[in-house]
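> Listed here are the chains, written in short residue letters.
Number of protein chains: 2
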Amino acid sequence: MTTVPEQYKDILNSKSVAHIATIGPKGEPQSTPVWFGWDGEHILFSLTKGRQKYHNLLRDPQIALSITDPQEIHRYLEIRGTVERIDEDPNLDFINSMANKYLGLEKYPWHQPGDERVIIVVKPEHTTHQG
Amino acid sequence: MTTVPEQYKDILNSKSVAHIATIGPKGEPQSTPVWFGWDGEHILFSLTKGRQKYHNLLRDPQIALSITDPQEIHRYLEIRGTVERIDEDPNLDFINSMANKYLGLEKYPWHQPGDERVIIVVKPEHTTHQG
Numbered sequence: 040m041t042t043v044p045e046q047y048k049d050i051l052n053s054k055s056v057a058h059i060a061t062i063g064p065k066g067e068p069q070s071t072p073v074w075f076g077w078d079g080e081h082i083l084f085s086l087t088k089g090r091q092k093y094h095n096l097l098r099d100p101q102i103a104l105s106i107t108d109p110q111e112i113h114r115y116l117e118i119r120g121t122v123e124r125i126d127e128d129p130n131l132d133f134i135n136s137m138a139n140k141y142l143g144l145e146k147y148p149w150h151q152p153g154d155e156r157v158i159i160v161v162k163p164e165h166t167t168h169q170g
Numbered sequence: 040m041t042t043v044p045e046q047y048k049d050i051l052n053s054k055s056v057a058h059i060a061t062i063g064p065k066g067e068p069q070s071t072p073v074w075f076g077w078d079g080e081h082i083l084f085s086l087t088k089g090r091q092k093y094h095n096l097l098r099d100p101q102i103a104l105s106i107t108d109p110q111e112i113h114r115y116l117e118i119r120g121t122v123e124r125i126d127e128d129p130n131l132d133f134i135n136s137m138a139n140k141y142l143g144l145e146k147y148p149w150h151q152p153g154d155e156r157v158i159i160v161v162k163p164e165h166t167t168h169q170g
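Residue numbers (my numbering), protein chains in the order written: chain D, 40 to 170; chain Z, 40 to 170.
Simulated from the structure, these hints should not be mistaken for laboratory data.
Fair warning: this is a prediction, and the values are worked out from it, not measured in the lab.
Worth double-checking, as some hints may not be accurate.
Cβ pair distances, simulated, as ranges [unchecked claim]: (1) Gly170(Z) to Glu164(D): 40 to 46 Å; (2) Arg90(Z) to Ile125(D): 28 to 34 Å; (3) Gly170(Z) to Pro152(D): 47 to 53 Å; (4) Gly79(D) to Arg124(Z): 43 to 49 Å; (5) Glu164(Z) to Leu142(D): 31 to 37 Å; (6) Arg124(Z) to Ile125(D): 24 to 30 Å; (7) Thr121(Z) to Pro152(D): 36 to 42 Å; (8) Ile125(D) to Glu111(Z): 43 to 49 Å; (9) Asn130(Z) to Lys65(D): 37 to 43 Å; (10) Glu164(Z) to Glu155(D): 28 to 34 Å; (11) Arg90(Z) to Glu164(D): 43 to 49 Å; (12) Glu164(D) to Arg124(Z): 32 to 38 Å; (13) Arg98(Z) to His150(D): 52 to 58 Å; (14) Asn130(D) to Glu45(Z): 36 to 42 Å.
Derived lysine-lysine pairs resembling DSS-like cross-links, with alpha carbons at most 25 Å apart [to be verified]: (15) Lys162(D) to Lys48(Z); (16) Lys140(Z) to Lys92(D); (17) Lys92(D) to Lys65(Z); (18) Lys48(D) to Lys88(D); (19) Lys92(D) to Lys92(Z).
Glycine is no exception: its CB is placed at the ideal position from the N, C-alpha and C atoms.
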């Protein structure tokens, strides 16, 4: 069962980006926008294995994401949780589905040969919200 | 002197919100969108003294903010830094200026009697960007 209140699920089905907060190597907070998916129980997003955020999450799986309502600037949902698992994305199915959601394209246009993509699967444990 | 690259300063002058990453009481990351200002050297935003983020920053002044380009979904700027100082906002001048920037209103419409507002002044120390 998810901990996300019903009245904020529209934000999870929007095309807003999620800004993820992770802990860096010196214990410092880091923030980055990512394209995200929602499977009804988990937040999912894509990273390459070369990214700082990937290494942050291997070291410390705690994460928070904040997502604003694209229609109403004052309304947002924050999800805090932990990385439940990290899946491989060898055929780029997931990142391509994100390009479809956010760009309306069949394939992610910025894939580079050699990029190894993973899917970060986040289990929500706590939420905050406004509006 | 600022550490923000010239070619990303347009994002600091946009009406995007900044998503701030702070460290919570158990060492966990937290993320929240805020309205922000830019004075040419510092990022400024408003909090009430009752907010979790305020207490987080008193405990640990490390912060990161990510801001997306409102015109181009793939482009963003992340600023990492520390809270240089926290100013009082007794006459609500700063929060009213934010309501003017983001809502086009003269006064912040959600002020509650008893809310004590402060201005968080962040010194950028490092940036990451994309696009």
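> All the hints need checking, so say for each whether the structure fits it.
Hint check results:
1. Checking the proposed 40 to 46 Å range against Gly170(Z) and Glu164(D) shows it is violated: the Cβ atoms sit about 32 Å from each other.
2. Here the CB-CB span from Arg90(Z) to Ile125(D) is close to 32 Å, well matched to the stated 28 to 34 Å.
3. One distance hint, 47 to 53 Å for the beta-carbon pair Gly170(Z) and Pro152(D), is violated here, with the actual separation near 20 Å.
4. The hinted range of 43 to 49 Å is satisfied by Gly79(D) and Arg124(Z), whose Cβ atoms lie roughly 44 Å apart.
5. Between Glu164(Z) and Leu142(D) the beta carbon distance is about 33 Å. The supplied range of 31 to 37 Å therefore holds.
6. Between Arg124(Z) and Ile125(D), the C-beta spacing of about 40 Å breaks the proposed range 24 to 30 Å.
7. In this structure the hint that Thr121(Z) and Pro152(D) lie 36 to 42 Å apart at CB holds, the actual value being about 39 Å.
8. For the hinted restraint 43 to 49 Å between Ile125(D) and Glu111(Z), the CB-CB distance of approximately 29 Å leaves it violated.
9. One distance hint, 37 to 43 Å for the beta-carbon pair Asn130(Z) and Lys65(D), holds here, with the actual separation near 38 Å.
10. Range check, Glu164(Z) to Glu155(D): about 30 Å between beta-carbon atoms, so the 28 to 34 Å window is met.
11. In this structure the supplied range 43 to 49 Å is violated for Arg90(Z) paired with Glu164(D), their Cβ-Cβ distance being about 20 Å.
12. Range check, Glu164(D) to Arg124(Z): Cβ separation about 34 Å, and the 32 to 38 Å hint holds.
13. In this structure, Arg98(Z) and His150(D) break the distance hint of 52 to 58 Å, their C-beta atoms being roughly 41 Å apart.
14. With their beta carbons about 40 Å apart, Asn130(D) and Glu45(Z) fall inside the hinted range of 36 to 42 Å.
15. Of the pairs offered as hints, the one joining Lys162(D) and Lys48(Z) is violated, with about 35 Å between alpha carbons and a cut-off of 25 Å exceeded.
16. Restraint check for Lys140(Z) and Lys92(D): not satisfied, since their Cα atoms lie roughly 32 Å apart, outside the 25 Å limit.
17. With a CA separation close to 20 Å, the supplied pair Lys92(D) and Lys65(Z) stays within the 25 Å bound.
18. For a cut-off of 25 Å, the pair hint linking Lys48(D) to Lys88(D) is broken: about 30 Å separates their Cα positions.
19. Simply put, Lys92(D) and Lys92(Z) have alpha-carbon atoms about 22 Å apart, close enough for the 25 Å limit, and the pair holds.
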